[in-house]
Amino acid sequence: MTTSDDVQEILAGLGFPSALPAVTPSGAQALIWGPELTSAQLWQVQAELTGKLRGWHVFSYGVEPSDPEELAEAWDEQGPESEDLPPLFDAEAEKQALHEFTVDADAGEGLQSASQSVLLPADAPVISTGVGNLVAVEVGSPGDVVHAVEWEGADNLGTRTELAVLLRRWNRIAGAVPLYLSDTDNATMVLAVPDLPRIEDELEQACDEVTIVTTGPNSSPIVELWWD
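Following the working numbering, the numbering of the sequence shown begins with 1 at its first residue and continues without gaps.
Just so you know, the hints here were simulated from the structure itself, not pulled from any lab data.
All C-beta atoms in this analysis are idealised placements derived from N, C-alpha and C, irrespective of residue type, glycine included.
Heads up, some of the hints might be wrong.
[Stated by the list, open to error] Ranges between beta-carbon positions, derived for each pair: (1) Gln78 - Asp201: 30 to 36 Å; (2) Gln116 - Asp67: 34 to 40 Å; (3) Glu204 - Arg54: 28 to 34 Å; (4) Glu92 - Leu119: 29 to 35 Å; (5) Thr38 - Asp90: 38 to 44 Å; (6) Asp6 - Gln116: 21 to 27 Å; (7) Gln205 - Ser39: 30 to 36 Å; (8) His99 - Pro17: 43 to 49 Å.
Work the whole structure out from these sequences, hints included.
What follows is the structure, given as structure tokens:
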């Protein structure tokens, strides 16, 4: 299992500064890098580490960089609100998540797990909002980051717990991983989806707007999701 020290060491080897240790509202261990990282550097980290850290997920968070201490303090003040996550695969929880996000699909019976690795294009995708801090969070599945940081972007449909369960499903059957979460008010998420055709219909049903922002000749498709 990767530790926070391992993550720090990997990024230090790439020439990045040390991160601020933090705890998310759900109680997950986290690391936050400051605003000195450029968008190009953030993408370098995404390309280097996405899908490669056991037990951790690295993503960009927010529409503009903020002071890591301010973000850590905000998390500390917020505290946990969501219910605990169910086991990594729970058929009933998945069925409920599909229902809440108006997805018309079987809850997972007969769907084989994806084995595709995430291959990101060399250049960062152009998304509709700015890019904030680099964050690493200790999670059981990449999609659990929405639960860890108590992200409210899709709360008009389902809870953060249900969104995490839906993201687990998309990871399991299509290899999808979050690359970016906007501030809650912008309600935007960016996913890399190695096997996009397997969940494209589900994405269209679950989100108010789905945009393919880049595919690249040999890289994983990247999609921007937005909720009203």
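Has the hinted range 43 to 49 Å been met by the Cβ atoms of His99 and Pro17? The hint (43 to 49 Å, Cβ to Cβ) holds, given that His99 and Pro17 are roughly 44 Å apart.
Gln78 versus Asp201 beta-carbon gap, inside 30 to 36 Å or not: 34 Å, holds
Range agreement (Cβ of Leu119 with Cβ of Glu92, hint 29 to 35 Å): 34 Å, holds
Kindly confirm whether 30 to 36 Å is satisfied by the beta carbon distance between Gln205 and Ser39. Cβ of Gln205 to Cβ of Ser39: about 31 Å, so the range 30 to 36 Å holds.
Is it true that Glu204 and Arg54 lie within 28 to 34 Å of each other by Cβ? 32 Å, holds
Are Asp6 and Gln116 spaced within 21 to 27 Å by their CB atoms? For Gln116 against Asp6, whose Cβ atoms are near 24 Å apart, the range 21 to 27 Å holds.
Take the C-beta atom of Gln116 and the C-beta atom of Asp67, compute their distance, and say whether it sits inside 34 to 40 Å. About 37 Å separates the Cβ atoms of Gln116 and Asp67, which means 34 to 40 Å holds.
Does the Cβ-Cβ separation between Thr38 and Asp90 fall within 38 to 44 Å? Cβ of Thr38 to Cβ of Asp90: about 40 Å, so the range 38 to 44 Å holds.
Violation of the numbered hints given earlier is absent; every hint is satisfied by the structure.
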